[in-house]
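Following the hints, put chain L in place on chain D, whose structure we already have.
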Amino acid sequence: MRADLLRGHLDGLLLAVLADAPGHGYELSQRLTQRSGGELGVHEGSLYPALHRLERSGFVESAWSAEGRRRRRIYRLTATGRRAVQESRREWRAFSTAVDRVLG
Amino acid sequence: MSEVRTVDRYLCELGGALRVRGAARRRFLRECHDHLADAAAERGEEEAVRAFGPAVELAAAFDAEVAARRGVRSTFLAVAGVLATGASTLALIHAASAGSTGPASWAIAFFVAAQVAAVAAGLALVQALVLRRSTMPAAQMLLLARRNACALVAAGVTMFSAGAALPGHGSAMRLVAGPALVCVALVAVLRARSLARRLDGSGAPAVRPPLDDLRRLVSLPVPALGSRRLLTVTTGVAAAAAFLRDRVEHGSLGEAFVVGGIEATAVVGCFLVLGPALGLWRRS
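Protein chains in written order, with our numbering: chain D, 1 to 104; chain L, 105 to 388.
Next comes chain D alone, as it looks inside the complex (with noise of 0.2 Å):
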């Protein structure tokens, strides 16, 4: 899929990945792959700009956990951020539909 159409949707697809559980950056790019079957095309760098700024937005909050030996920041969803999702999704839709009309 071209990058250009995914423009001004990551954010809305990295909340709705995070709706389903709390991750860290490469368990979400993990998640976006799988349930897009691989469509989707996004490099996996770009998801942390987004997330930060999800994080800015008050939508998503972040705190270093210890797993294993490892240190990972994980991301999980505010209030604020669950009510968002469902206005994507309700956006979402409306737009879908209207270009499927129009496409045919």
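Mixed in with the good hints, there may be bad ones.
Listed below are several chain D residues computed to face chain L (Cβ distance under 10 Å; list not exhaustive) [to be verified]:
| id | residue |
| --- | --- |
| 1 | 22 |
| 2 | 24 |
| 3 | 29 |
| 4 | 44 |
| 5 | 49 |
| 6 | 50 |
| 7 | 52 |
One side only, chain D facing chain L, incomplete, derived with CB under 8 Å [as the list claims (entries may be wrong)]:
| id | residue |
| --- | --- |
| 8 | 53 |
| 9 | 69 |
| 10 | 70 |
| 11 | 92 |
Quick list of simulated restraints, FRET-style, between CB atoms [unchecked claim]:
| id | chain 1 | residue 1 | chain 2 | residue 2 | range |
| --- | --- | --- | --- | --- | --- |
| 12 | D | 64 | L | 239 | 24 to 30 Å |
| 13 | D | 101 | L | 116 | 45 to 51 Å |
| 14 | L | 320 | D | 93 | 21 to 27 Å |
| 15 | D | 70 | L | 187 | 43 to 49 Å |
If you're looking for bench data, these hints aren't it; they were derived computationally from the structure. Virtual Cβ for every residue (Gly too), placed ideally from N, Cα, C.
Structure of chain L alone, referenced to chain D:
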């Protein structure tokens, strides 16, 4: 061995491309390192680095994100600084010696600076609230920093003019609290501006109509006004408010007209002088 060098080389390139410094940079590089280590263990380092994306693009996206975060935070700090300086100024006025009066020029400077501080802080706050949940171009971050800096400097001038116009003695704690917070906020604003300038070398001034931001923020039918109509409406409202205030304070009709005229002149003057810096209009 060569795979280890691939990831290390990538992280070096990423670190070199990043312009942000400090804790945010360390955290970001740590997260990238962890991600690449996991991916390399599963797919090999060449594939892990390829899937991670070009280092320069990633660094630019992260720099922009940190700059936006600093811009929004410094705005909240600047607004707090302006409010605290307002409170300190009120404490200063209440502590003035009974019957003390100062030159009219200081009084005019006080009223003009207070209004500039309030307007600039309001513009910055509305802009920050609109942009806090989205990406922010570097030119907009620079505009935000200019609005914040203008608000803080004007708040300082307000307090200084009040002190010059009405000498007296008061609680040092109350009087110093506002200016101290202004200094802290100014450091945060300059830090945000410094990063934004590194991201936008052109430094081209941005224009951002305040009523457009207000409409997006409150979801109400706020009218769209061009810069000339905005100036006309603002001048009229400010002059009328100054006229009415003077009449309520038992000024004569003539005095009230003079006060209204001074207010209108000040609004037009500030709009012409500070308007481009505050993103209200652009010099052609």
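Results of checking the hints against the structure:
1. 22: violated, 15 Å
2. 24: holds, 7 Å
3. 29: holds, 7 Å
4. 44: Cβ of residue 44 (chain D) sits 5 Å from chain L, so the hint holds.
5. 49: holds, 4 Å
6. 50: holds, 8 Å
7. 52: The hint holds - residue 52 (chain D) has a Cβ within 10 Å of chain L, the shortest such distance being about 5 Å.
8. 53: For residue 53 (chain D), the interface hint holds, since the closest Cβ of chain L sits about 5 Å away, which is under 8 Å.
9. 69: This hint is violated: residue 69 (chain D) lies away from chain L, its Cβ roughly 12 Å from the closest one there, beyond 8 Å.
10. 70: The hint holds - residue 70 (chain D) has a Cβ within 8 Å of chain L, the shortest such distance being about 7 Å.
11. 92: violated, 17 Å
12. D:64 / L:239: 24 to 30 Å: Because 26 Å falls inside the window, the suggested range holds.
13. D:101 / L:116: 45 to 51 Å: Taking Cβ atoms as reference, residue 101 (chain D) and residue 116 (chain L) lie about 50 Å apart, which means the hint holds.
14. L:320 / D:93: 21 to 27 Å: holds, 23 Å
15. D:70 / L:187: 43 to 49 Å: Roughly 44 Å apart at Cβ, these two residues keep to the hinted range, so it holds.
Taken one by one, the earlier hints fail for this structure at numbers 1, 9 and 11, listed in ascending order.
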